[in-house]
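Participant: Numbered according to the numbering used here, the sequence shown spans residues 163 to 432.
Just so you know, the hints here were simulated from the structure itself, not pulled from any lab data. Treat each hint with caution, since some may be false.
[Unchecked claim] Across the chosen pairs, the derived CB separations fall in these ranges:
{"no.": "1", "residue 1": "L408", "residue 2": "L201", "range": "52 to 60 Å"}
{"no.": "2", "residue 1": "W234", "residue 2": "A277", "range": "50 to 58 Å"}
{"no.": "3", "residue 1": "Y357", "residue 2": "M414", "range": "23 to 31 Å"}
Even for Gly, the Cβ is constructed at its ideal location relative to N, Cα and C.
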Amino acid sequence: MIFRMLVTVTRVRVTVAYALMLVAVAMTLLALGPRVQDLVIRHMSTNLHNLWHGHLVTLIGSAFITENGPMWIWLPGLVALLALAELLWRSGRLIVTFALGHVGATLIVAVGLTAAIRLGWLPISVEHASDVGISYGAAAVLGALTAAVPVRWRPAWVGWWLAVGLLVLAVTNDFTDAGHFVAMVLGMLLSTRFYATARWTRIRVALLAVGGSFGYLMLVNIAATLVSAPLAGAVGALAVHWGVRLYRRRRMRTSIPVVAEPVPEPAPCD
163 MIFRMLVTVT RVRVTVAYAL MLVAVAMTLL ALGPRVQDLV IRHMSTNLHN LWHGHLVTLI
223 GSAFITENGP MWIWLPGLVA LLALAELLWR SGRLIVTFAL GHVGATLIVA VGLTAAIRLG
283 WLPISVEHAS DVGISYGAAA VLGALTAAVP VRWRPAWVGW WLAVGLLVLA VTNDFTDAGH
343 FVAMVLGMLL STRFYATARW TRIRVALLAV GGSFGYLMLV NIAATLVSAP LAGAVGALAV
403 HWGVRLYRRR RMRTSIPVVA EPVPEPAPCD
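The task is simple: from the sequences and hints, build the whole structure.
Facilitator: So, in structure tokens, the structure goes:
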């Protein structure tokens with residue numbers, strides 16, 4: 163029994179190590195008090211001020227600092243999501259996916275915010291906004307799970323999550339939600355490089371249920387979209403599903419070779 167548990171832990175060692183580091187950092191900051199906590203968040207935030215001044219260490223450090231409320235509420239969902247990805251594709255690909263979402267989405271959003279400030283669409287105060295946490299990396303992992311979905315249901319999966327992300331972004335118009343959407347799309351694109359798995363055990367299905375629920379609540383973070391987001395997701399799932407089916411049918415029709423009928427030879431003259 164103990165040996166089996168140890169084997170399971172070693173298979174999700176990156177997930178366990180990351181969760182322990184998050185807990186350790188959170189407990190340390192809690193012990194040091196709110197003043198030190200605010201100071202650390204300010205220095206480790208991937209806001210425009212820090213990035214413009216070359217504080218690139220924030221691209222790594224911000225992934226280990228959270229300000230999303232009580233950790234015991236959301237940490238189990240994060241662990242389930244990361245553990246599922248690590249079981250499916252092992253530790254290396256989990257690290258690559260999480261890093262791509264965290265760093266890639268941060269830089270893409272930073273470019274967009276910089277352009278918006280230069281054009282006068284956003285106030286200059288946005289450059290000091292706090293931006294730390296695990297959500298960008300987690301959104302990328304959620305998007306990368308596309309590769310594990312059966313091919314038949316993959317378009318519906320993609321359409322559902324994209325529609326939910328777009329709805330939330332349209333309602334909130336917040337750069338954090340934009341980062342979630344960008345990270346999720348990056349994960350979906352990266353999933354094209356991953357192999358699909360057909361082994362959906364009970365444990366993996368349970369991890370998907372918990373991790374998927376966590377991902378949904380992470381994206382739909384306001385009460386105004388809790389009811390409308392599933393409806394938008396259903397519309398997006400149906401639209402993409404049927405769109406892909408129609409595209410495949412047309413492609414099959416155009417790819418069928420047309421065999422010319424043989425022309426009969428003229429009868430020989432006597």
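Participant: All hints, please: hold or fail.
Facilitator: Right, here's what the structure says about each hint:
Distance hint check for L408 and L201: the Cβ-Cβ separation is about 56 Å, which falls inside the suggested range of 52 to 60 Å. Between W234 and A277 the beta carbon distance is about 39 Å. The supplied range of 50 to 58 Å is therefore violated. In this structure, Y357 and M414 meet the distance hint of 23 to 31 Å, their C-beta atoms being roughly 25 Å apart.
Of the hints listed earlier, the one the structure fails to meet is number 2.
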